[in-house]
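Chemist: Chain order of the listed sequences is A and B.
Note that numbering that gives the first Met the number 0 has the first sequence beginning at 0, numbered continuously upward.
Note that numbering that gives the first Met the number 0 has the second sequence beginning at 0, numbered continuously upward.
Simulated from the structure, these hints should not be mistaken for laboratory data.
Treat the numbers as computed from the prediction; the structure is a model and nothing was measured.
Built from N, CA and C at the ideal position, the CB exists for glycine as well.
Among the clues, some could well be false.
Heads up, incomplete: computed chain A residues facing chain B, CB under 8 Å, no partners named [what the hints assert, rightly or not]: (1) G32; (2) V33; (3) P198.
Output of the computed footprint for chain A on chain B, the stretches with three or more beta carbons under 8 Å from beta carbons of chain A [as the list claims (entries may be wrong)]: (4) 15 to 24; (5) 28 to 37.
Spelled out from the first residue to the last, the chains are:
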Amino acid sequence: MTHRKQNLHEFLDQSFAKFRALPSSNVELACEGVLNRLRNEPNREPETTVMRFSRRRYGRMIVLVAATAATVVLAQQLAMRMWQPSPEVQVAPAEAVLQAPVSIQQPAPEPPEPPAQFPKPLGFAAASIRRVAPDVMNPAAGLACRGSDGAQRIVLSVLENWQDAVTAPRGRCVGSAIFLTTLIEMAYGFPPGRVSGGPDWSRLTGSMIATPDGGAMVSLPMHVTPQGFAWYEHESFQIEAIADNPSTATLEQLRQMLRALLADRFKLRYHLEKKGMPGYSLVVAEKGHKLKPISGDYVESLLLFQGRSTMESFAHTLSNFLFNRVHVVDKTGLQGPFEYAFKYVPPGQDGGGRGTGGGPARGNLPAPSGSRPENVSRQLEDQLGLRLQSENTVEVDAFVIDSVELPTPN
Amino acid sequence: MPLEREFEQLFREHSHLLYRTAYSLLDSPADAEDVLQTVFLRLLRNGLPQNVHNNVKGYLYRAAVNASLDMIRSRKRQDRNREAQRVESVAESLDAAAADERHRHLAEALAELDPAAAQILVLKYVHCYKDADIAKVIGASRGAVAMRLLRSRSRLKKLMRELSGEEK
Numbered sequence: 000m001t002h003r004k005q006n007l008h009e010f011l012d013q014s015f016a017k018f019r020a021l022p023s024s025n026v027e028l029a030c031e032g033v034l035n036r037l038r039n040e041p042n043r044e045p046e047t048t049v050m051r052f053s054r055r056r057y058g059r060m061i062v063l064v065a066a067t068a069a070t071v072v073l074a075q076q077l078a079m080r081m082w083q084p085s086p087e088v089q090v091a092p093a094e095a096v097l098q099a100p101v102s103i104q105q106p107a108p109e110p111p112e113p114p115a116q117f118p119k120p121l122g123f124a125a126a127s128i129r130r131v132a133p134d135v136m137n138p139a140a141g142l143a144c145r146g147s148d149g150a151q152r153i154v155l156s157v158l159e160n161w162q163d164a165v166t167a168p169r170g171r172c173v174g175s176a177i178f179l180t181t182l183i184e185m186a187y188g189f190p191p192g193r194v195s196g197g198p199d200w201s202r203l204t205g206s207m208i209a210t211p212d213g214g215a216m217v218s219l220p221m222h223v224t225p226q227g228f229a230w231y232e233h234e235s236f237q238i239e240a241i242a243d244n245p246s247t248a249t250l251e252q253l254r255q256m257l258r259a260l261l262a263d264r265f266k267l268r269y270h271l272e273k274k275g276m277p278g279y280s281l282v283v284a285e286k287g288h289k290l291k292p293i294s295g296d297y298v299e300s301l302l303l304f305q306g307r308s309t310m311e312s313f314a315h316t317l318s319n320f321l322f323n324r325v326h327v328v329d330k331t332g333l334q335g336p337f338e339y340a341f342k343y344v345p346p347g348q349d350g351g352g353r354g355t356g357g358g359p360a361r362g363n364l365p366a367p368s369g370s371r372p373e374n375v376s377r378q379l380e381d382q383l384g385l386r387l388q389s390e391n392t393v394e395v396d397a398f399v400i401d402s403v404e405l406p407t408p409n
Numbered sequence: 000m001p002l003e004r005e006f007e008q009l010f011r012e013h014s015h016l017l018y019r020t021a022y023s024l025l026d027s028p029a030d031a032e033d034v035l036q037t038v039f040l041r042l043l044r045n046g047l048p049q050n051v052h053n054n055v056k057g058y059l060y061r062a063a064v065n066a067s068l069d070m071i072r073s074r075k076r077q078d079r080n081r082e083a084q085r086v087e088s089v090a091e092s093l094d095a096a097a098a099d100e101r102h103r104h105l106a107e108a109l110a111e112l113d114p115a116a117a118q119i120l121v122l123k124y125v126h127c128y129k130d131a132d133i134a135k136v137i138g139a140s141r142g143a144v145a146m147r148l149l150r151s152r153s154r155l156k157k158l159m160r161e162l163s164g165e166e167k
């Protein structure tokens, strides 16, 4: 072997060179992720660690149980298909999306294939879902999934300092202070504005709370009551889930695992509908856009303030940001991903901060406010050369929840 | 409930050193995060021992090295996992596989060393600390560090030869 002929000093120097060259930003990101997870331990019990290490011991058992459960679900679906053969039936448990192409392409009267031929639904090796304990302030709200081929983040916090803290190690999905809508968005790509049906809690998206220390806003699991603000006590969640093989699971596979998780733990059943609703279209302003086209690999950003994404995705992000989450569809005609930076300043708050900073404050928070399309449009035009155009009807795909339950305990 | 300011300050002050240490030994970001989380969770639960208040950095660093070496030993016991890792490495590229193999040998040899020796070697070759700085972290004299470095390298060399021989 090479190292036997080499001077040990040189060998050690070379062996550790790549670790010395590890970019500080990577280290920072990883450490912030860990700190974030430590912050989210309300009882400070090392449950996360137990879960993270026990995957090695119990991983196969969990996979076996998951595989058995999946087989039962598949058998039920086979029975349902034989009983009700119309391929247009869209009511389905969440994990049925995995088999959707099969159920549409195969005529029902034909004998069903043996279960072994169906794509095996993917499931996490271990998943922990816990409700957010009341009064736990976590400004780094959001969900991140990192596969071997890329990552996706849904950042609920609009505090820029905390956005990078929404992260996940490879092969995992990690979310803090998130809602069912956040999971649906990650798993199926439907932003909260396009989710309907189900009980009220299932459509929660958090509240945009203006903080008194300079006008920053943060999305928190809080809501307004006649008495003031209250925390959603059972409807926002901490989640950490790990794939059976974290080093090789792709982002798409993680999304499929999330779908299985939604079906299994939340008992989510849904169907899709086309819906026409008032909204806005995103168009290029008269003076042309100011976006920077990019090429090559990139990670789709769901941040409004900065990142890289297609205009279609950017329109979705805008939908989430706007007051009442009105629908925005992309009509820019721009193809491919772009890099952007957009700093939205709420009206009346562009004169600088009033406080000393330091994150969101508790106590007498001002009333929640949203971002009105006309204000956003004006700033979009100034900064990115895009604007919002009011439309009487925009046709969108809607994700309709038929039934859902609060998650089963870990 | 927010974390105590002191805890967060400790985390921010030392987490990079600990993460880099664990990563350099384990060659896996996810495992390095596990080590970092384990060390600080223990700190949250148990607090700092009284006798380490004058050298918190040294204490946390030792904890991270020890946790990483434990993980390496545990990995070594899990032969199946090791085989799987080898297959992955070979699939990536021969060069990368060879580098991974060398690093695995090195990590396993470090895990066989006295933990104090491993701590010194990592400070020297991963963090490029000078002898005087190593002395501060491990709480020894500069002369003792130089001597331990010499012995550690010699022991490491022997262990790596043995490990290479076992693999043939």
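Chemist: All the hints need checking, so say for each whether the structure fits it.
Modeler: Evaluated hints:
Because the smallest distance between the Cβ of G32 (chain A) and any Cβ of chain B comes to about 7 Å, under 8 Å, the interface hint for this residue holds. A least Cβ separation of about 5 Å between V33 (chain A) and chain B falls short of the 8 Å threshold, and the interface hint therefore holds. The beta carbon of P198 (chain A) comes no nearer than 29 Å to any beta carbon in chain B, farther than 8 Å, and the hint placing it at the interface is violated. Look at the stretch 15 to 24 of chain B against chain A: 5 of its residues bring a Cβ nearer than 8 Å to a Cβ of that chain, three or more, so the hint holds.
Check on the stretch 28 to 37 of chain B: 8 of its residues sit with their Cβ under 8 Å from a Cβ of chain A, so the three-residue criterion for coverage holds.
Hint check: a violation occurs at hint 3 only; the rest are consistent with the structure.
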